[in-house]
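Engineer: Letter by letter, the chains look like this.
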Amino acid sequence: MNIDLLLKLEFPSNPELLCAVRGAMERLTERMGFSESECRSVTRAVDEAVTNIIRHAYRGQPNHPIVLTCYRLPKAVGSELAQGMEIVLEDQGDPPDPGRLRGRSLDEIKPGGLGLHYIRESMDVVEFSSSGGTNQLRLVRCLRPENTIRDS
Amino acid sequence: MQISVKRIDKTAILELKGSIDLSSSPAVRKILLHELRESRTPRVILNLEKVKYIDSSGVASLVEGLRASRDIGSRLLLFGLSPIVREVLQLSRLLKIFEIYENEQQALSA
Chain A
1 MNIDLLLKLE FPSNPELLCA VRGAMERLTE RMGFSESECR SVTRAVDEAV TNIIRHAYRG
61 QPNHPIVLTC YRLPKAVGSE LAQGMEIVLE DQGDPPDPGR LRGRSLDEIK PGGLGLHYIR
121 ESMDVVEFSS SGGTNQLRLV RCLRPENTIR DS
Chain B
1 MQISVKRIDK TAILELKGSI DLSSSPAVRK ILLHELRESR TPRVILNLEK VKYIDSSGVA
61 SLVEGLRASR DIGSRLLLFG LSPIVREVLQ LSRLLKIFEI YENEQQALSA
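Keeping their order, the protein sequence lines are chains A and B.
If you use my numbering, the first sequence corresponds to residues 1 to 152, in order.
If you use my numbering, the second sequence corresponds to residues 1 to 110, in order.
Mixed in with the good hints, there may be bad ones.
[To be verified] Interface residues of chain B toward chain A, partial, derived using beta-carbon atoms under 10 Å:
(1) Pro83
(2) Val88
(3) Glu99
(4) Asn103
[As the list claims (entries may be wrong)] Taking lysine to aspartate or glutamate and the EDC-like style, the derived pairs with C-alpha atoms no more than 16 Å apart in a straight line are:
(5) Lys52/B with Glu108/A
(6) Lys50/B with Glu15/B
(7) Lys96/B with Glu108/A
(8) Lys52/B with Glu15/B
(9) Lys6/B with Glu104/B
(10) Lys96/B with Glu26/A
(11) Lys10/B with Glu104/B
(12) Lys50/B with Asp9/B
In case anyone wonders, no lab produced these hints; they're calculated from the structure.
Yeah, the Cβ is synthetic: ideal placement off N, Cα and C, and Gly gets one too.
Could you put together the complete structure from these sequences and hints?
Structural biologist: Structure (structure tokens):
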């Protein structure tokens with residue numbers, strides 16, 4: 001087992017389970033020492049990412065697999081050493097449309113397209129990749145200097 | 001998510017309770033658009049005091065309601081925003097787009 005592993009959840013693409021995912025992320029981010037507002041922020045990003053998988057990758061169909069894995073940092077993120085949390089979401093649905101990944105301007109008052117904006121606002125690293133039928137979204141949120149990771 | 005409707009003269013007050021996410025936002029959207037497009041209620045007020053979470057699909061439902069209200073010349077007002085709901089509307093740069101009040105009395109008087 002990877003010693004940096006904090007949590008691994010495998011669940012079906014059922015919107016009814018979003019509240020359980022949020023509950024797990026709230027507790028985990030609290031335990032990691034994120035501030036109250038950072039906990040909300042990371043939880044929101046994960047909720048929106050799972051929502052996007054259900055809506056777009058699986059087109060609303062409820063019984064397809066989603067895997068959420070959270071790792072503790074510090075570890076190398078690119079060429080730097082970061083402290084915080086890395087979250088990886090995997091699905092086997094349709095790969096994301098590159099046009100949609102660019103997001104949209106918030107100057108337009110219209111429904112839709114806000115989820116990705118929330119994710120990008122909440123996380124330090126947001127990376128999409130797709131390979132061998134698996135889509136992967138990698139999110140990193142670094143702990144700010146005033147916060148410290150609690151020993152488990 | 002629980003939704004209840006209270007009527008005072010030509011105003012409908014929709015009280016939403018729980019989390020508005022992908023599993024519940026279709027119901028919010030349906031009742032809101034029905035109130036505006038079908039019933040053509042002149043003023044619809046959303047009581048968000050008991051909403052503990054709202055995601056992008058919930059915000060999209062509110063925006064759709066706002067657009068429907070403008071299309072038919074009615075008003076959509078919100079009150080009782082928790083810090084979490086306010087934060088999400090702020091993040092979406094929508095705080096100044098909606099008519100937002102502190103409580104039901106202020107919304108009814110507006």
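Engineer: Take the C-alpha atoms of Lys96/B and Glu26/A, compute the straight-line distance between them, and say whether it is at most 16 Å.
Structural biologist: Violated, because 29 Å separates the two Cα atoms, which is more than 16 Å.
Engineer: Assess, step by step, whether the Cα of Lys52/B is no farther than 16 Å from the Cα of Glu15/B, and give holds or violated.
Structural biologist: holds (13 Å)
Engineer: Against the 16 Å threshold, does the CA-CA distance of Lys52/B and Glu108/A hold or violate the hint?
Structural biologist: violated (26 Å)
Engineer: Would you check the hint for Lys6/B and Glu104/B, treating anything up to 16 Å between C-alpha atoms as holding?
Structural biologist: Judged against 16 Å, a Cα distance of about 12 Å means the pair holds.
Engineer: Tell me if Val88/B is really an interface residue toward chain A, meaning its C-beta lies closer than 10 Å to one of theirs.
Structural biologist: Given a least distance of 7 Å, the restraint on Val88/B holds.
Engineer: Under the criterion that the straight-line Cα-Cα distance not exceed 16 Å, is the pair Lys50/B, Asp9/B satisfied?
Structural biologist: violated (24 Å)
Engineer: Have a go at the Glu99/B hint: is there a Cβ in chain A nearer than 10 Å to its own Cβ?
Structural biologist: violated (14 Å)
Engineer: Are the Cα atoms of Lys50/B and Glu15/B separated by 16 Å or less?
Structural biologist: This hinted pair holds, its Cα atoms lying about 8 Å apart.
Engineer: Is Lys96/B close enough to Glu108/A, meaning Cα to Cα at most 16 Å?
Structural biologist: Holds: Lys96/B and Glu108/A sit about 13 Å apart, inside 16 Å.
Engineer: Using Cβ atoms only, decide whether Asn103/B comes closer than 10 Å to chain A, and label the hint accordingly.
Structural biologist: Violated, because the Cβ-Cβ distance from Asn103/B to chain A comes to roughly 24 Å (cut-off 10 Å).
Engineer: May I ask you to test the interface hint for Pro83/B with respect to chain A, counting a Cβ-Cβ separation under 10 Å as satisfied?
Structural biologist: Because about 9 Å separates Pro83/B from the closest Cβ in chain A, which is inside the 10 Å limit, the hint holds.
Engineer: Checking one constraint from the list: CA of Lys10/B to CA of Glu104/B, max 16 Å. Satisfied?
Structural biologist: holds (15 Å)
Checked against the numbered hints given earlier, the structure breaks hints 3, 4, 5, 10, 12 and satisfies all the rest.
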